[in-house]
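Novice: With the hints as extra help, turn the sequences into a complete structure.
Those sequence lines, one after another, are chains A and B.
First residue of the first sequence: 0, per numbering that gives the first Met the number 0; consecutive thereafter.
First residue of the second sequence: 0, per numbering that gives the first Met the number 0; consecutive thereafter.
Mixed in with the good hints, there may be bad ones.
[Unchecked claim] Taking lysine-lysine and the DSSO-like style, the derived pairs with C-alpha atoms no more than 27 Å apart in a straight line are:
#1 B:Lys230 <-> B:Lys181
#2 A:Lys15 <-> A:Lys1
#3 B:Lys15 <-> A:Lys141
#4 A:Lys302 <-> B:Lys15
#5 A:Lys67 <-> A:Lys15
#6 B:Lys230 <-> A:Lys263
#7 A:Lys47 <-> A:Lys302
#8 A:Lys263 <-> A:Lys190
#9 A:Lys302 <-> B:Lys237
#10 A:Lys259 <-> B:Lys230
#11 A:Lys104 <-> A:Lys487
#12 A:Lys47 <-> B:Lys237
#13 A:Lys141 <-> A:Lys104
#14 A:Lys37 <-> A:Lys64
#15 A:Lys47 <-> A:Lys67
#16 A:Lys40 <-> A:Lys15
#17 A:Lys67 <-> A:Lys40
#18 A:Lys256 <-> B:Lys237
#19 B:Lys11 <-> A:Lys141
#20 A:Lys1 <-> A:Lys67
#21 A:Lys38 <-> A:Lys64
#22 B:Lys11 <-> A:Lys104
#23 B:Lys237 <-> A:Lys1
#24 A:Lys259 <-> B:Lys237
#25 A:Lys256 <-> B:Lys230
#26 A:Lys183 <-> A:Lys263
[To be verified] Derived, one-sided and incomplete: chain B residues facing chain A with beta-carbon distance under 8 Å:
#27 Arg112
#28 His116
#29 Lys118
#30 Tyr224
#31 Val241
No lab work stands behind these hints, which were simulated from the structure alone.
Treat the numbers as computed from the prediction; the structure is a model and nothing was measured.
Just so you know, even glycine gets a beta-carbon here, dropped at the ideal spot from N, CA and C.
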Amino acid sequence: MKVNYFQSEYEVLRDKDRCIDCGICITECANEVHLRDKKGKLLAIDSKCVNCHRCVATCPVNALKIVKNEYCFRENYSWSRHDITNIYRQAETGGVLLASMGTAKEYPIYWDKILINASQVTNPSIDPLREPMETRTFLGKKNNEIEFDNDGEIVINETPFIELATPIMFSAMSYGSISLNAHKALAMAAKDLDILYNCGEGGLHESLYPYGDHTIIQVASGRFGVHSGYLESGAAIEIKIGQGAKPGIGGHLTGAKINKEISKTRMIPEGFDAISPAPHHDIYSIEDLRQLVDVLKEATDYKKPIIVKVAAVHNISSIVSGIARSGADIIAIDGFRGGTGAAPLRIKDNVGIPIELALAACDQRLREEGIRDSVSLVVGGSIRHSADIIKAIALGADAVYIGTSALIALGCHMCRACSMGNCNWGIATQREELVERLNPELGRERLVNLISAWTVELKEMMGGMGINSIEALRGNRLMLRGIGLNEKELEVLGIKSAGE
Amino acid sequence: MKYIDAKDLHYKELNKLIRYEEDTHVTLTNVMGQRFIGCALEGKNIDITGIPGNALGACLNGGSIITVHNNCQDATGDTMDDGEIIVHGNSGDTAGYAMRGGKILIKESGGYRMGLHMKAYNERQPLMIVGNRVGSFCGEYLAGGTIIVLGYRENGNCPVGNFCGTGMYGGRIFLRSNELPKDLSPYIDASVATIEELESIREEVTSFCSLFDITNIDLDKDNFYILSQSKVNEYKKKYTTV
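Specialist: Shown next as structure tokens:
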């Protein structure tokens, strides 16, 4: 007798009165949930459903609904349904648990425990629709000294920098983890918005080279697709040391996802695993990091700013202080709630620290050491809306990276099944018929709408505080107050309590 | 032929001189640890006397040949794409890290992590030959290309340190040796190289030996082992999706 340890997590409900038997749900579901029985009657296999809502969203008569399966184990505070089923899963396969997107565990979200200030009486607030409001952001090393030549003229000694119309960038998502159409939408939107997107570590598809001025190209431990033309193609180069969702471990794109185009872009054979080692084996110290920074600067004739991306972990401020001395122009810090195409569940759920605390600690440390202006700080890993951005900038960030929010704008429904490669929304998949579902032009428009709306919101909140330039908000922690935080948390965040 | 005396030159000045030099053949003398020589260079030959510093020929491109008449330091040919680096001496650690094409030829010995994560793509088949021996972790994560360690002063003893080829998932490692490394990973297949396998490297090994005047290597008589990825894919069963 076969025993099934796994009850389906969701139930697919079909309203028989509404259903017109069209069968669109069958073609739309790549997970093969919907099918017809021998008599042609529509059925649903609940156990295959990942709750991505594609069938619900495409059903022309709203006949479908997906609900949580109410089946339950005997209640136990220590042993949740997930704990129990994961043990079944590992007992059956002997495998490491693999999951996608950011951690779903209930850790404190500090963004939601921080409140923003507004002007009343003593300092007039500003209406951004009627008065100038500056969100233009420059990332890179800021020279503090002015040099004069023999004639007393100022020597223009500019270090390379990035210019953004608004302090938001699309964070690294590789071609492989997401589809080419998703990359196209991000690239086109970045150009329209005059910001940058990051192509991630899988190389840059040849059709996207024309967007180079709005592209950050990434060099990770696998060095996939890295060659001189690639290094020259972007506006900046990011060395990926770590990722918030999986600090301390490498990456693995399975051979099944390496199709012809990805193979060409990553410069590895089709169907071949792409493994990124956990560390860069040429970097075991800050001095070694400096060496790679310098290699990339030499290779691009000192014309591109170099970003070093690390995951937020314990002692992050010391790490960032070291990186600031490695010659990097920009440091990107990725918080532990950041997303991923696939990461071991236990690492995703337990390793790293919240970006809010990491950011505050790093900004403070760099200020104390007098080197805050020698680098820009970009933070990512759980930025959900414009208020998170205001709080991040007031805590000391120069700009933010968004990944998950951008994918949601493209249609992602957060079902967290990216690693399976059957994304019904055409985002985290390489199956051609699925990728085609994501229209890059439409995606571009949705991304432009999102970032434009956020920028208006940023301006409104800044105006409310009586601040008319993003520069004046950066590190302005007096604009923030904590709520429901203990004294130590307030100290690390460097903010006062609400009411103070 | 352009001669540059590298004495007292900072690496930035030296590399700028090389980059903007119109002559395609540059000879450097008195090189003393300057880093990044020939970084991302394309279509130029560089001849070096002295000791070049770390990351010699990093991101090297096609049509370039860098010849070193002495030893070189760490990270030689890091992420190189094509071209040749010839060292008439020893190499430090991590030479050929992530190289995707071209050749690195080292007459004597190399340090730790030689040929780490080399990978191949179509016509780009990177090759590293080391005349004598290498340290630990040689060919770790190897994804493609060929590493040959000849042990020409080793009298048939194993010419590699510990953990040779750990995590390799492509490519080949040839060892001229009468014994296999004692700690070989179970995910590596090791066997005595067949005649066909030896034929595939004959031309390269022969020209390596004549280039460096090495006379005691005989492909027909000496024992060569070949290491490759095991048929059992260690990654296949690793994960279970939540």
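Novice: For every hint, state whether the structure bears it out.
Specialist: We went through each hint and held it up to the structure:
| no. | hint | result |
| --- | --- | --- |
| 1 | B:Lys230 <-> B:Lys181 | holds, 20 Å |
| 2 | A:Lys15 <-> A:Lys1 | violated, 32 Å |
| 3 | B:Lys15 <-> A:Lys141 | holds, 24 Å |
| 4 | A:Lys302 <-> B:Lys15 | holds, 13 Å |
| 5 | A:Lys67 <-> A:Lys15 | holds, 19 Å |
| 6 | B:Lys230 <-> A:Lys263 | holds, 25 Å |
| 7 | A:Lys47 <-> A:Lys302 | violated, 50 Å |
| 8 | A:Lys263 <-> A:Lys190 | holds, 24 Å |
| 9 | A:Lys302 <-> B:Lys237 | violated, 42 Å |
| 10 | A:Lys259 <-> B:Lys230 | holds, 23 Å |
| 11 | A:Lys104 <-> A:Lys487 | holds, 23 Å |
| 12 | A:Lys47 <-> B:Lys237 | holds, 22 Å |
| 13 | A:Lys141 <-> A:Lys104 | violated, 39 Å |
| 14 | A:Lys37 <-> A:Lys64 | holds, 24 Å |
| 15 | A:Lys47 <-> A:Lys67 | holds, 14 Å |
| 16 | A:Lys40 <-> A:Lys15 | holds, 11 Å |
| 17 | A:Lys67 <-> A:Lys40 | holds, 24 Å |
| 18 | A:Lys256 <-> B:Lys237 | holds, 17 Å |
| 19 | B:Lys11 <-> A:Lys141 | holds, 21 Å |
| 20 | A:Lys1 <-> A:Lys67 | holds, 25 Å |
| 21 | A:Lys38 <-> A:Lys64 | holds, 23 Å |
| 22 | B:Lys11 <-> A:Lys104 | violated, 49 Å |
| 23 | B:Lys237 <-> A:Lys1 | holds, 25 Å |
| 24 | A:Lys259 <-> B:Lys237 | holds, 25 Å |
| 25 | A:Lys256 <-> B:Lys230 | holds, 20 Å |
| 26 | A:Lys183 <-> A:Lys263 | holds, 17 Å |
| 27 | Arg112 | holds, 6 Å |
| 28 | His116 | holds, 6 Å |
| 29 | Lys118 | holds, 6 Å |
| 30 | Tyr224 | violated, 24 Å |
| 31 | Val241 | holds, 4 Å |
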